[in-house]
Structure formats: C-alpha cells, structure tokens
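Student: Listed below, chain by chain, are the residues.
Protein chains: 2
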Amino acid sequence: MARTGRRPGTGGTRERILAAARSDFSRAGYEGVTIRGIAAEARVDPALVLHYFESKDGMFRAAIQFPVDPGVFIPRLVAPGLDGLGGRLVRFFLDTWDSPAGSPLLGLIRSVVGNEEAAALLREFVTREVLGRIARALELDHPQLRAGLVASQLVGLAMLRYVIKVEPLASASRDEVVAWLGPTLQRYLTEPNVTKRKRSSRRA
Amino acid sequence: MARTGRRPGTGGTRERILAAARSDFSRAGYEGVTIRGIAAEARVDPALVLHYFESKDGMFRAAIQFPVDPGVFIPRLVAPGLDGLGGRLVRFFLDTWDSPAGSPLLGLIRSVVGNEEAAALLREFVTREVLGRIARALELDHPQLRAGLVASQLVGLAMLRYVIKVEPLASASRDEVVAWLGPTLQRYLTEPNVTKRKRSSRRA
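Protein chains in written order, with this note's numbering: chain A, 99 to 302; chain B, 99 to 302.
Don't take every hint at face value.
On the chain A side, residues computed to face chain B include the following (Cβ under 10 Å) [unchecked claim]:
id, residue
1, TRP195
2, SER197
3, ALA199
4, LEU203
5, ALA218
6, LEU229
7, ALA233
8, ALA235
9, LEU236
10, LEU238
11, LEU267
12, GLU274
FYI, nobody ran anything at the bench for these hints, they're computed from the structure.
Glycine included, each C-beta is placed from N, C-alpha and C at the ideal position.
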C-alpha cells in the first residue's frame, strides 16, 4: 500500500490506480470498466486517473505494460499505402524491441504465457487496438485472420530472437530480418484469401 | 523422494532419474552430461537409466518434455524431397499439438519463457536435433538461419493459436493454416539467401 501523508500524484497513487485497473480489467474486461469505477476502487478523484493515463485506453496499455500506442504507430505505418507495409511492420517491431520502450515486452510475453488472465487481456487489446486498426485502415477482406497471421510471425520472431535466443537469428541484422520476414507479412496482408483455393495448394 | 522398499523401476525411480537429468543438463549442458553421471546422482544402475530412456538423447527429451523424436519425424518429413516440405512441416506441427503428444508443449513454452535455464536447454536441443537435422538432410546454405526462421513462424503460430488464442486463427482449420503458412516455410527453406540482396528488397 502507498504510504499516507504524501501529496496526491506521487508514485504510490499511480501504482494504486494501476493495481485497481489491472484488477478491474481482469474481472470485467475492457468494455465493463469505467474510469469512475477504477478511481473509486483506488480511492482517488477520476480527474487524477485521467491526469496520469489520459484515457481508458492509455490506462489499459499501462496496466498490461504495452510500450507503444497503436493509435499513433499504426496510422504512421499504414499511411504510405499497402506497398512495402510488411517490411515496415517488421522494422517497427525490431526498432521497438531494441529501444528502451521494448524493455517491458519480455515481461509482457512472460505474463501472457504464464497467466490466462493476462493472455485474455492482451488478446482483447491486440484484437481491438492493433489488428482491428490495421484491418480498418487497409479495408482488407478477412482482416482479423490476416492480422493474426502477421502477429504470429512477429511474436515467433520475438520468441526465437529475444526469449530463446537461437543463433544466428538472435544476432542477425535488422536489415536481414526485414528482408526475410517482410515478404511474409506482405503476403499475409495482401494475398487473396487462400482458404478458397486450399485444395490446390496442398503441396505449397 | 521416492519411497523405499518398492521394486526398482516404479514411478519414484524414473522421477528421481529425471530430476538428476534436469539438474545435470542445466549445469553441464548436453555435451557435459553422461548416463553414468546421472545414474550416480540418482543412485541407480546406469542400465536402469537406459531401460527407461534408451539413450542420452531420449533422456534429454524426457527431461525437457519434448513430445516427439526428431530422429524419427524429420527423416519422414524430408524424405519426399524439398517440394511441399513447408506444408508438411506445418501440418506435422499442428497434428502434434492437437494430439495427446501435444499436451506437454504448452508447459514447455511456459518453462522456456519463464526460465533462462530451460530456454538454454531447449535452444541447444532444437539447434542440434531439429534444425541441424533438417539442414543436413537438405544440404541447404545457411541452414541454421533457415531453420530458425521456420521455427519462428511455428512457435509464433503456437503462441497465437494455443497460448493467447486469438481468433479466428485459434479456430481455423488445419488445412487453412497449412495453406497460409506452408508457402512461408517453403520460402524460408528454399529462397536464395536474401541478405545478399537486402538493399534492393527494402520495400518488400
């Protein structure tokens, strides 16, 4: 618990709000949570919650320690169009992992793998905020499936390169990784839905 | 500890050997471990270790709970040749996860993500027994890199489909997943080394 007698707004308060947020999001899911409810549980004024986290979404990202804001990076990645998007996604992913912003990502993977609740929270967040945004921006068919395929390759890269650290992938240059994975992501985003022709691609 | 007074070969003995194996492999790595050393640590006859696990490799697989034997499945997958190998690898991976043999895999991912020692053991095993075998069988250039790329896509698929359970990937049919991922793995295995031409593929 935060020590008492300190002015509101210092470390302990922020942590108390975050603890209330984690508890509420786990129990009620994103839709079932309100700023007002979290403020009440943390015994602070709702304005203080907004002061720290700007929005319910910002609070959610802080609660799961998601280091970047999809509302910022996805429009930027998608803006130049579909051409080369796969490569841009891979490069952004590597840049984030290798930057100070990337340091919570290992903890995020650990908590997701070890904990059903954390997995559910991240699933909801990634589906709504990351995959949904990409899909809407690109007006693709089967947007959630495509975005899930993209995520599968990026998460697997993180596991091999940063968690299990298998060489030479762990030490490969960013350019090299982009050159290998970019076309994969590009295909997941743009190839006509393969399920319609799956019988003819059995040998692929 | 195993209860005493039971005949050798029942549950407790096997568990004691496994515990000794995990401890020895973690401390000394695969190369530094002997059947005799593990037998001594578990206070059993070396013949009993071989009776349970057949070989040092079998003991290692049991210690990390790796559910299938790469010495069996890789030659089978590679035998028909390079054509269609990507799809066969994806299908085998899905079949294994969905079979009773797949049940330890979730635990394996959890222990690898949560534990540096487990990650090192799995890394060594996968590099030597899985990736190395595929590379040798196919006589590919950059075999470890190619096999690592293949593993990155398969591990990521497992994370999205079985751990985080993101839809619609979690419920997609095996045929559909094979149709999407097969060509990816095929490209990782067969495409000429992309690093040589990475400057021209920046937009990929």
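Student: Does each hint fit the structure? Answer for all of them.
Tutor: Status of each hint after checking the structure:
Interface restraint check for A:TRP195: the shortest CB-CB distance to chain B comes to about 13 Å, outside 10 Å, so the restraint is violated. For A:SER197, the interface hint is violated, the least distance from its beta-carbon to any beta-carbon of chain B being 20 Å, above 10 Å. Interface hint status for A:ALA199: violated, as the beta-carbon distance to the closest one in chain B is roughly 20 Å, over 10 Å. Look at A:LEU203: its Cβ only gets to about 12 Å from chain B, farther than 10 Å, so that hint breaks.
The interface hint given for A:ALA218 is met, as the beta carbon of that residue sits about 8 Å from the closest beta carbon of chain B, less than 10 Å. Annotation: A:LEU229 was flagged as interfacial toward chain B, and the flag holds, the nearest CB pair being 8 Å apart, inside 10 Å. At a threshold of 10 Å, the smallest CB-CB gap from A:ALA233 to chain B is about 12 Å, leaving the interface hint violated. Proximity of A:ALA235 to chain B is violated relative to the hint, the smallest CB-CB distance being about 19 Å (cut-off 10 Å).
Violation of the interface hint for A:LEU236 is found here, the shortest Cβ-Cβ separation to chain B being roughly 17 Å, above the 10 Å cut-off. Because the closest C-beta pair between A:LEU238 and chain B is about 14 Å apart, greater than 10 Å, the hint is violated. Because the closest C-beta pair between A:LEU267 and chain B is about 4 Å apart, less than 10 Å, the hint holds. A least Cβ separation of about 5 Å between A:GLU274 and chain B falls short of the 10 Å threshold, and the interface hint therefore holds.
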